[in-house]
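What follows is each chain in one-letter form.
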Amino acid sequence: MAAALSREDLLEAYRRMKTIREFEERVHVEFAKGGIPGFVHLYAGEEASAAGVCMNLTDEDKIASTHRGHGHCIAKGVEVKGMMAEIFGKRTGTCHGKGGSMHIADLDTGMLGANGIVGGGPPLVCGAALAAKMKRNGGVAIAFFGDGASNQGTTFESMNLAAAWKLPAIFVAENNGYAEATSAKFSVACGDVSTRAAGFGMPGVTVDGHDFFAVHEAMREAVERARRGEGPSLVEVKLDRFYGHFEGDNQNYRPQDEVKNIRATKDCLNRFRDRVTREHDISANELDAVDAEVARLIDEAVEEARAAPDPQPADLLTDVYIKY
Amino acid sequence: MARKILFQQAINEALDQEMARDPAVIIMGEDVVGGTGADGEMDAWGGVLGVTKGLYGKYGDRIMDTPISESAFVGAAIGAATCGMRPVCELMFIDFLGVCFDQIYNQAAKFRYMFGGKARTPVVIRTMIGAGFRAAAQHSQSLYPIFTHIPGLKVVIPSSPYDAKGLLIQAIRDDDPVIFCEHKALYAMEGEVPEESYTIPFGEANIVREGKDVTIVALARMVSYAQKAAEALAKEGISCEIIDPRTTSPLDEDTILESVENTGRLVIVDEASPRCGMAADISAMVAQKGFDLLEAPIQMVTPPHTPVPFSGVLEDLYIPSAEKIEAAVRKCVEYA
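Chain order of the listed sequences is A and B.
All the letters of the first sequence, read from the start, carry residue numbers 1 to 324 under this note's numbering.
All the letters of the second sequence, read from the start, carry residue numbers 1 to 336 under this note's numbering.
Keep in mind that the hints were calculated from the coordinates and are not lab data.
Owing to the predicted nature of the structure, the values given are computational and were not obtained by experimental measurement.
Check each hint, because a few of them may be wrong.
Heads up, simulated PhoX-like pairs for lysine-lysine below, C-alpha to C-alpha not over 20 Å straight-line [said to hold, decoys possible]: (1) A:Lys323 with B:Lys118; (2) A:Lys135 with A:Lys166; (3) B:Lys228 with B:Lys212; (4) A:Lys135 with B:Lys324; (5) B:Lys324 with B:Lys235; (6) A:Lys90 with A:Lys33; (7) B:Lys331 with B:Lys228; (8) B:Lys228 with B:Lys324; (9) B:Lys4 with B:Lys58; (10) A:Lys81 with B:Lys118; (11) B:Lys235 with B:Lys212; (12) A:Lys90 with B:Lys289.
Bound conformation, chain A alone:
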């Protein structure tokens, strides 16, 4: 229930969503300028999912992410400046420039890694959940994956294993309608991903991913169930990405004006603003102040990332093993 969220919680949720949005919009601009190497996959438009999920979690809880992972990182508390430096391939980055956009991980905040392999995360999350169960620390583990990974065998196997072992795991299917350039209407043969939960003996629900409150509430139930030792759940979050599969994707597989219409009518940040200013005694001025702080933070992050040193040649050979 929304009642479970305090004013501070709501401002924090807004800050996380706004930080993700600013971060991604800025990466989009910087990528186009040519400062960012490799592949980047932007999360803009999907912020309510990452924030709605992670506002239910503590540092003890773990998440595994996807190639579209910046939003999950920020929502779980990974430091933004380190992330930006990582995306620029710099030595000061979260992974010292050796991971990049698709491999940002911060084990201290329970972020087990973005992942370059579609469906790579769910098995790992079974392990994180198993560790929590064996340590009896009340922790839960979340596998974020997309409609594309919802068709991977690793995801099916992991949902079955999590149910068989009754693990405190939650499978969050972020269905943005496209696996690369292929529509989920074609590739997800059952329609809603959440209906697959029945096949694994776990609850499944589909929520509107443009609505922070809907995501937060569905996750609250799933997390509480997992913490009570009642096993895993599947939460399908239907949402839209504002950009292509990767930066540089011309998105000619999407109808003209699709993104324009989504931005105009379904932007999760606008919906959140409308609702909290109407129902929660939060003023537009307060939210504007958050916007300004976030904008400053992202400006600094980009400036510092640009100025940061590259990795040194000797870094090529370090950290392959702990000891060899």
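Given chain A, put chain B in place with the hints provided.
This is chain B only, laid out in the frame that chain A set:
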């Protein structure tokens, strides 16, 4: 005289002692207990060949049966390792790597590097290798070179009960991901094994037999074949030194090169396929670093480049034999 036990008992004892020592050590795999959810006995199998039998009685839920879902449970072992556990996961046959390899080579192997040195993934994947059981093409392979190829993995291949125990304890205590290969034909091998716990460091080859004419490098079951060949050759006056690297990653290059410095001749015996296998890898290493030490071309004794056949007649032809090793050694010695 020291106590003698079987290779598979040595593995079981290593697991038992490590589980007793460290509550973070857990075991998972297909039928590693056997009987979970069924109406009959628990610990029904203790692994498909009984290697983990008895551990369930001592450690209960710390040893877990899994669905037949290698990607999920191998990945779960890896994920649990990043969260403070020390899982020992059983991939029943190395041939099954095809249904879980992503979790091993794209995930576990790369976390440390990709995450800038912050990850710690102390997982052990125990797996059966080797031909000789008439188990045909999908249950008989020696695929350790594939794992050896991947930076970030360590690969261990014991050839005796003593090594099996010491190397497995080292593997469990090691903080990097380890692939631990157990040749199925060695499980019934008997040997002296101390009752107390001990470790054998990785990257330290064992000089199984000292000699001066020819160096034979051999792994796993091939070590005993090399010993048999060396006995026969000794009667002809040919003295063979046998080196068992014990781990292919890291590889003890120095011990191999020092031996070749003394003998000038090298035969490598490898049950893996010849292309891009350990025999080819060690040949290349010695050719690069020890060219001047060699008095004869390096000889490789491997199976032919074929799948493992089913028929006993064919499988016996497939596996390198003591006779083939002897022939390779003679060829080396006779080289003008």
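Structure-based check of all given hints:
no.: 1; hint: A:Lys323 with B:Lys118; verdict: holds (14 Å)
no.: 2; hint: A:Lys135 with A:Lys166; verdict: holds (15 Å)
no.: 3; hint: B:Lys228 with B:Lys212; verdict: holds (17 Å)
no.: 4; hint: A:Lys135 with B:Lys324; verdict: violated (53 Å)
no.: 5; hint: B:Lys324 with B:Lys235; verdict: holds (17 Å)
no.: 6; hint: A:Lys90 with A:Lys33; verdict: holds (17 Å)
no.: 7; hint: B:Lys331 with B:Lys228; verdict: holds (17 Å)
no.: 8; hint: B:Lys228 with B:Lys324; verdict: holds (11 Å)
no.: 9; hint: B:Lys4 with B:Lys58; verdict: violated (23 Å)
no.: 10; hint: A:Lys81 with B:Lys118; verdict: holds (17 Å)
no.: 11; hint: B:Lys235 with B:Lys212; verdict: holds (14 Å)
no.: 12; hint: A:Lys90 with B:Lys289; verdict: violated (36 Å)
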